[in-house]
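Peer 1: Note that the protein sequences, when read in sequence, are chains E and Y. In terms of our numbering, the first sequence opens at residue 1 and continues consecutively. In terms of our numbering, the second sequence opens at residue 1 and continues consecutively.
Check each hint, because a few of them may be wrong.
Simulated pairs of lysine-lysine, DSS-like, Cα-Cα distance not exceeding 27 Å [to be verified]:
#1 E:Lys1050 / E:Lys833
#2 E:Lys271 / E:Lys833
#3 E:Lys583 / Y:Lys2
#4 E:Lys592 / Y:Lys3
#5 Y:Lys28 / E:Lys795
#6 Y:Lys28 / E:Lys592
Just some of the chain Y residues that point at chain E, by a computed CB distance under 8 Å [stated by the list, open to error]:
#7 Ile27
#8 Lys44
#9 Thr115
#10 Pro256
#11 Gly459
I should point out that these hints are in silico values taken from the structure, not numbers from a laboratory. The beta carbon of each residue, even a glycine, is placed where N, CA and C say it ideally should be.
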Amino acid sequence: MKSKLIWILAPIIGLFMSFSYAQEKTISGTVTDQMGMALPGVNIVVEGTTIGTQTDFDGNYTIQGSQDQTLLFSYIGLQSVVKVIGASSTIDVIMEEDAEALEEVVVTALGISRDKKSLGYATQEVQGEDLNTVKSGNFVNALSGKASGIQIKKNNNLGGSTNVVIRGNASLTGSNQALFVIDGVPINNTNSNSEYQGEASGNYYDYGNTASDINPEDIESVNVLKGAAASALYGSRAANGVIMITTKKGKDAAGIGITVNSGITIGSIDKSTFAKYQDQYGAGYGAYYGPDEDGFFNQEDVTGDGVADITVPFTEDASYGGRFDSNLLVYQWDALDPDSPNYRTATPWVNAKNGPISFFETPVTTTNSVSFARSYEDDGSFRLNYTRFDQSGLMPNSSIKKHNFSMSGVFKLTDRLTVTGYSNYINTKALGRNSTGYNDNIVSNFKQWWQTNVDLKDLKDIYFDTKRNVTWNPASTDAGSAPIYWDNPYWSRYENYQNDYRNRFIGNVSLDYEFTDWLNFTARVATDTYSEIQEERRANGSVPTGFGIPDSAGNRGNVDSGYGRRNLDVTETNYDFFFNFQKDLSDDFNLKGILGTNIRRNDFQSIYSATSGGLSVPRLYSLQNSTGPLPLPVERAEKIGVDGIYASASLGYKSILFVDATVRRDHSSTLPEDNSTFYYPSVATSFVFTNLLNADFITFGKLRANYAEVGNSAPFDFLFDTYNVNIPPGAPSTSVDNQKKNPELKPERTESFELGLEMKFLRNRLSFDLAYYQTNSIDQIFGVPVSRATGFEKKILNAGEIENKGVELSISGNPVRTEDFSWTAMVNWTKNKNEVVSLEDGIQTLQLGDFQGGVTLNAEVGQPYGVIYGTDYTYLNGERVVDPADGQFIKTSTSDQKIGDTNPDWLMGISNKFNYKNLSFSFLIDIQQGGSIFSLDQYYGRATGLYEETAFINDLGNPVRNTLADGGGFINEGVNPDGATNASRIRADRFGAFGYRRGLPDKAFVYDASYVKLREVAISYNLPSKLLANTFLTNASLSLIGSNLWIIDKNIPHEDPEGGLSAGNLQGYSVGSLPTTRDFGFNLKLQF
Amino acid sequence: MKKLAILITAVIFASCSSDLESLNENIKDPLAVPGESLFTGAQKNLVDQVVDLNVNNNNTKLWAQYLQETTYTDESNYDQVTRTIPETHWSVMYKNVLKDLDEAKIVIEATTYSTPELEALKPNKLVIIEILNVYTYANLVETFGDVPYTEALDIDNLLPMYDDAETIYKDLVSRLTAAINALDESNGSFGSADRIYGGDVALWKKFAASLKLRMGILMSDVDAAFAKTTVESAVTTGVFTSNADNASYTFLGSDPNTNPIHDNLILSGRRDFVAATTIIDVMNSLDDPRRLLYFTPTDDGTYKGGNIGETSSYSTYSHVSAQVEEATFPGILFDYAEVRFLLAEARARLFEVGGTAKEHYDAGITASILDWGGTAAEATTYLVQPTVDYDLAIVASTATTPWKEVIGTQKWIALYNRGLEAWTSIRLLDYPLMATPADAVSGFPARYTYPIIEQSLNGANYGSAASAIGGDEAETKLFWDLN
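Between the sequences and the hints, there should be enough to build the whole structure, so can you do that?
Peer 2: And the structure:
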């Protein structure tokens, strides 16, 4: 037995012995620079092992190693030194300045790597690691605050879209979204949301933007190309800047190359972003009920004994009713249904124990991934990754599940021929995305139209007990009554849910052939294709609402049930062929150049069909189950092609001066033949002045300047008029389209220039990048809203100019860098000033969107893009005017008052990272200053008496909701039309006094959207290499992550200032947006 | 090196594909359609907008105090800004009606039909389009005042100026006269594409004459001579002579082609409207036989209407009757009863239209009762009541111009379910008196204010028009509304 054990253990013992076979010894020494100054914080590793250390404050180190091993000394800004240990046990090292080490290589347009110092335009790199700490399901969100010049606006919709705008809105009505590029090739980032979703119409969903499919695990780094000069080679689509993503290729694979990553994130609602209700009054709109319409309750016989009972006005979706009184027993909604435990039972009139916030669930996100990577020295490398992402949402019955498979690699087939490839398959399944907008949105229900006496737990119990739509808001007292305005929210979630399913493939293969040491040829083909199914359903017995296919005016018929599905097929294919050459013309001059062509084809196909008039068989969701004849489906087939040729040349003089010039010619399918080919140039220059200076503390200094033009073509089908075919009202019916097209379009044009200064001090201890830019977008192609008296809503024109001017500043520093402790800080600051310079001749104002409440979003000449118009207070000598007759403000009679500007004054991100030995701690603070947001939730929700601001003790010491006779009401601050200080009291004993209804203008519901947020906090611990030395692990780290932990400051009550509609140009309007969650996560990463 | 040169050339030419522009073709929507289908679409859009009671589209049934909102009483209180109703009305009339009619005309004119018989229908089709054009423009003038007219429907003029309302109105009358003269009753027209008259030219002629009668009457206070000529010439042409002549649009049973009232009251499941006390009180006092045809009784069998502008509980008050809520309840653009009331007014104003005011008044009431499903006997009983009897009522009236109160009140009852027309009649005759809503945001609206988008987009022309009519306010009286 014993001997057998020895045999079994022998190989293991042998393994251990082999590790300790080499003769270990202790080496020590001092590291100094050329001047003889001690260098603290120099990294020293034993090559090929995980053994490493750092020099202390005096430049001293000690390390374990054996004779035949080598030590690698490295320090940023200095040339690395390699020393074989040999016989000696003391190794002193002098490290020299390294010009090369300052050569930051960045990925530029087309995926071409360039030396950053030679670039005449602004780029900013964010490491994949920094985007991957917090797993939000959309890596784009993680960019917020991490680069200057970029505004990220996410919303809280499950899988919702994120608005990414670089250097301000340049396009009046077209897309202002940045272009997403993977390994040099553009991918699709559109969202398939209905245009009506963006306009806050109810019962639409936010399907998210498709860039969210990119797996953050695959990202090596992201480079933000900010100006037109940086992106000129991409042509038209890159006018809004580019997010360049470089994927991991397995080059840095260590150990046996397996990485396992496992993370979990749990969210909890930040209560400051949800409604805080008053708790003193329940259902009703005022004293309007009962036989004489003067009480807070109705008198109806609900017990069937022929005697009138005190009943709650269930049909009213407001909380401006009777004062709570636990001694008062009333018949509530739950007294009506025979399956209810309180059937025909009166219950105390009290504030609900479980308010709407208890409706939300705890969102849990898990991410598990495993990747395999291997590097074959100079021959290449590969990487395989599988990631599974599971997310459950705030809303009951909501989830997103993703499987992401990716493979990438680079191989040298011959000395001259290299092949690179990336392929990514993503399968996304979403269930129960939340309905957005005004109607049929549970959050609008909770934030605008609610009864504070209704208990969510009761609603939950009765739904799960009966699986029927027993609602708090029935149309009548009859048992089984249909709802009048609102369903039981659990019914909505479990019966009226949507789902979608997307299969997507992104891939590219690229061949690189080296003709000579100065000339390369690259051929690349790339595709991004997905098919998607979206299904929407309503169960029989729901509140009727607009559903299905909208008519040409956007109206949808009311139905209590229905089923609709949309199938999408979207493909983009890019073919790139380019020559890339680089030659030293003399000792001083170096010439680089690119000559190439890009062929792009986009194909978009969709079909949307929906039942009409309801479903014949309940709970069967199929088109053939339509009660009415199936309406005409909406079918789309759109193809776009752009063929481009481009050339660029870059001349460098002694690493001091660089001049770049590019030119691109595009031929686009969407413009009329005479105008479809167009050219645009760019010039950029970079001057590295430090090479002429001799100031020790300045490590690096560079001035850059550029000018670029980018041409842009039109969207699909903007040239020739087509008609709409209507569902026949008994005879064939057609109509003229709302939009007049234009067969004489020409390309639009963006002209921009930029000045920049980059400096680094004290061996990179401190550095900054400062940029000033101006971008003018001219001859914009868009549907100009016109007077409807022309017979159209819009006319496609080349019209208008928008100017964006701005300053971007990034400062990073390394205030402390010692052996055990380091502190890195970075600040990104962005200020963009936007102005609409001109519109079509004679037009001063364009209406970009019109919303409920008479609020519109506009572009007006001389104003920033996106000003909010609506009604305002009227003023007398700067004071608000109050009508003495009723104490109400007198608002303007027209809605053309400027009441807000959606553009922020500036944005700032502050990140700090502290490392102590193996422990690191980092946090990011994200700040937006200024910008306005209109809240429809407050507009209505205050009128209906939901919020705590609508029930308080007034100046007379009485409840404000008492009648005036009873000492209630309050005094609006202002003056009467005669100038006298207002002393008239406004009634607050009925709904509306605090909301939209009684004199308050739209202006009263416009809030400052500023915020200061603690966006991310992360604590990571890397297990010491000593601990791992004798295991199969090469690296193990553990992180605790928090995101959106604390909204340090904001000015809009009851919601998140970032809560908006979805991605797109219509911003600054908030309706029924979900509360924000504080997310806590835990992540474990193991490398083998 | 040679290979390289070839490769470079190949790369550059790779992107020089020809015929790239053909990708831009929209293969899913038609580039051309029959003019008749455009006419059908326009006609439906017009009827939908006129018939509708959706608070986002048409509030005039609330303003005429036939109906009252239950909980959300903004529109009962004359709020026309929050839901931008003028915007909708303007947009539907210009964009969805006039533009499609205009396009129908252009297409039909340009069409060469396959047979001489079909070709022969063309002139009548164009005239019928013209008649609906006049109807629609007249409505715009009656609701807004000055509106774009000579410069309207021209997409090359993005900022059309507004024309003087009275000038437009008179021009419309002469266009109508020309249309009447151009109709050829010996030939057909649209056939089934016309969902009102099935292409019956004789009926269209009566419709045009009746419209001319109405337009003439509207001009009476501002230009009596013009009104007289217009009215008399209309009657000579031949106005409606029975309910069979009613311009009644046939809806279908399923969405989106049902009567819009059905969509609003039944399909929506909402309970936004109850009867208004103003009409219920009058009908109760007259024991009007149409009461149960217009409204439902409350639980106790009586008819009750909500107080104007006040929150009203749905269960307490009467509602719109079941027949009005039906999907296929006809949409009325014009009816015989109205014609007889107009003739009564004409006689009261001493225009030569034959008969007496009383005869026309009695006929109007009778036509209305019968059309709504009442009986001749009910009509007879109703008419002899002292409060209804024309002569007695005139004597009893304390109004400055008693016939305005007497005819105005009965015409208003008959115009139930025709909000726009009723609102116009109230504005012209100033009777019956409307209650002041509890939380009125303005006086009784004499017009729609101009759309917000006109203020911001077409500002200069808007400004001139606003000052020309005396201010862009709800209370600004239009040119024909002198008293």
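Peer 1: Please go over all the hints and tell whether each is borne out by the structure.
Peer 2: These are the hints, each one checked on the structure:
Taken as a hint, the Lys1050 of chain E and Lys833 of chain E pair is honoured in the structure, with Cα atoms around 22 Å apart against an allowance of 27 Å. A C-alpha spacing of about 33 Å is found between Lys271 of chain E and Lys833 of chain E, which places the hinted pair above 27 Å, so the restraint is violated. Between the alpha carbons of Lys583 of chain E and Lys2 of chain Y the distance comes to roughly 20 Å, so the proposed pair stays at or under 27 Å and holds. The suggested pairing of Lys592 of chain E with Lys3 of chain Y holds, with an alpha-carbon distance near 21 Å, which does not exceed 27 Å.
For the proposed pair Lys28 of chain Y and Lys795 of chain E, the alpha carbon gap of about 21 Å is at most 27 Å, so the pair holds. The suggested pairing of Lys28 of chain Y with Lys592 of chain E is violated, with an alpha-carbon distance near 47 Å, which exceeds 27 Å. Given hint, Ile27 of chain Y at the interface with chain E, holds; its Cβ is 6 Å from that chain's nearest Cβ, closer than 8 Å. Interface hint at Lys44 of chain Y: satisfied, since its Cβ lies 5 Å from the closest Cβ of chain E, which is below the 8 Å cut-off.
Checking Thr115 of chain Y against chain E: minimum C-beta separation of about 19 Å lies over 8 Å; hint violated. Proximity of Pro256 of chain Y to chain E holds as hinted, the smallest CB-CB distance being about 5 Å (cut-off 8 Å). Because the closest C-beta pair between Gly459 of chain Y and chain E is about 6 Å apart, less than 8 Å, the hint holds.
This entry does not satisfy hints 2, 6 and 9, going by the numbered hints stated previously.
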